[in-house]
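> One letter stands for each residue in the lines below.
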Amino acid sequence: MIKTETVTINGRQFIHTFSDDGMKIHGGFPEGDYDEVYDPIDSGRTYTETTQAIETTIEELKEKYTELVSKYNIAEARAQRLDRIKARIIELRDKATLQTTKAIYNAILDLFEE
Amino acid sequence: MAVTVTYKGATLTTVTNETKVLETAGTWVEDDFTLTDVSGGGGYSIDEFADGTISGAISLTTTNIRARAFKECNSITSVTAPNVTVLREQIFSTCTGLTSISFGGATSVNSTQQFLACTALTSVDLPELAVPAGNMFQGCTSLEFIDFPKVERMNVSRLFYGCNKFKTIVLRHSAVVAINNDVFTNTPFAGYNGLTGTAYVPQSLISSYQTASNWSTLYSGGTCSFVAIEGSIYE
Chain A
1 MIKTETVTIN GRQFIHTFSD DGMKIHGGFP EGDYDEVYDP IDSGRTYTET
51 TQAIETTIEE LKEKYTELVS KYNIAEARAQ RLDRIKARII ELRDKATLQT
101 TKAIYNAILD LFEE
Chain B
115 MAVTVTYKGA TLTTVTNETK VLETAGTWVE DDFTLTDVSG GGGYSIDEFA
165 DGTISGAISL TTTNIRARAF KECNSITSVT APNVTVLREQ IFSTCTGLTS
215 ISFGGATSVN STQQFLACTA LTSVDLPELA VPAGNMFQGC TSLEFIDFPK
265 VERMNVSRLF YGCNKFKTIV LRHSAVVAIN NDVFTNTPFA GYNGLTGTAY
315 VPQSLISSYQ TASNWSTLYS GGTCSFVAIE GSIYE
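Protein sequences appear in the order of chains A and B. All the letters of the first sequence, read from the start, carry residue numbers 1 to 114 under our numbering. All the letters of the second sequence, read from the start, carry residue numbers 115 to 349 under our numbering.
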């Protein structure tokens, strides 16, 4: 499917067009097949998705793999942090009394601000 | 320039029955080595050259070079192959000593990465090529200039990616040459290291280039300028 988004490059806005299925797109100026395209925001250019997949080299795949690993590591770190927060919330909940409830609630909120 | 060819560890001065590759693929003529056919077939593999054993300037009269034929032949300094019509995958990739290429009859490409990471390459002569390949010159970190007389489009992936000194291109086609978004990534055309690039194009097309797909981001960023070929040193 064709996707578009407005992006700002060097202080100017452009329309970024690409296929979310990794296919080449057709259109633009000059008209042709592109991997992805940036056009002036007022250009009014339209694109269609082709059936030709974007060719990727081994090196590019390695780069994408490295990028994915990096994203995974970040996500994993966040998940571990959420696990720690959850455990702390349970711990605080179990200690809660009528007198300490508000303080504990604030302490839990603070966990998310860390 | 004389060239040295070794095969199975020995320097060749004559062609013998043991030198199967050369026996089938070419002839050894005193100080000059000319390959008459490196297209493969006939039971030998031109890939056997791809071990760095050829050095110096080579002249090829063949019409066909197999993919990866001279990959990583780091001692080759220049290549002239006027009869080759199709530039195949990685034919001279990672030839780190290669400074000059001349393929006067090459009109098309097959697959990608023909001269990938030829880090010493400074001179490119492709007068008949219509559409270059993806990654064709990626990582050619000494390349500063290319004149593409017949190139009609460059909407291929990472054509000059990482050519961090590449600052001048001459595009003589009579219409705007399409580019992929990453053709000039990490080059002066994209502002690499604070540098800028210049595209010499026909005067009548300058305003069209400025708003063309993908070219427009380079132009608006101030890192790519368009200059008329007419009246320039490239006219």
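Treat the hints as calculated values from the structure; they're not laboratory data. Check the hints yourself; a few may be wrong.
Said to hold, decoys possible - Label pairs and their in silico Cβ distance ranges: (1) A:THR6 to B:THR177: 43 to 53 Å; (2) A:THR66 to B:GLY336: 51 to 61 Å; (3) A:GLU5 to B:GLY335: 35 to 45 Å; (4) B:SER318 to A:GLU76: 51 to 61 Å.
All C-beta atoms, glycine included, are put in the ideal place defined by N, C-alpha and C.
> Confirm or reject each hint.
The hints, checked one at a time:
no.	hint	in the structure
1	A:THR6 to B:THR177: 43 to 53 Å	holds, 50 Å
2	A:THR66 to B:GLY336: 51 to 61 Å	violated, 31 Å
3	A:GLU5 to B:GLY335: 35 to 45 Å	violated, 18 Å
4	B:SER318 to A:GLU76: 51 to 61 Å	holds, 56 Å
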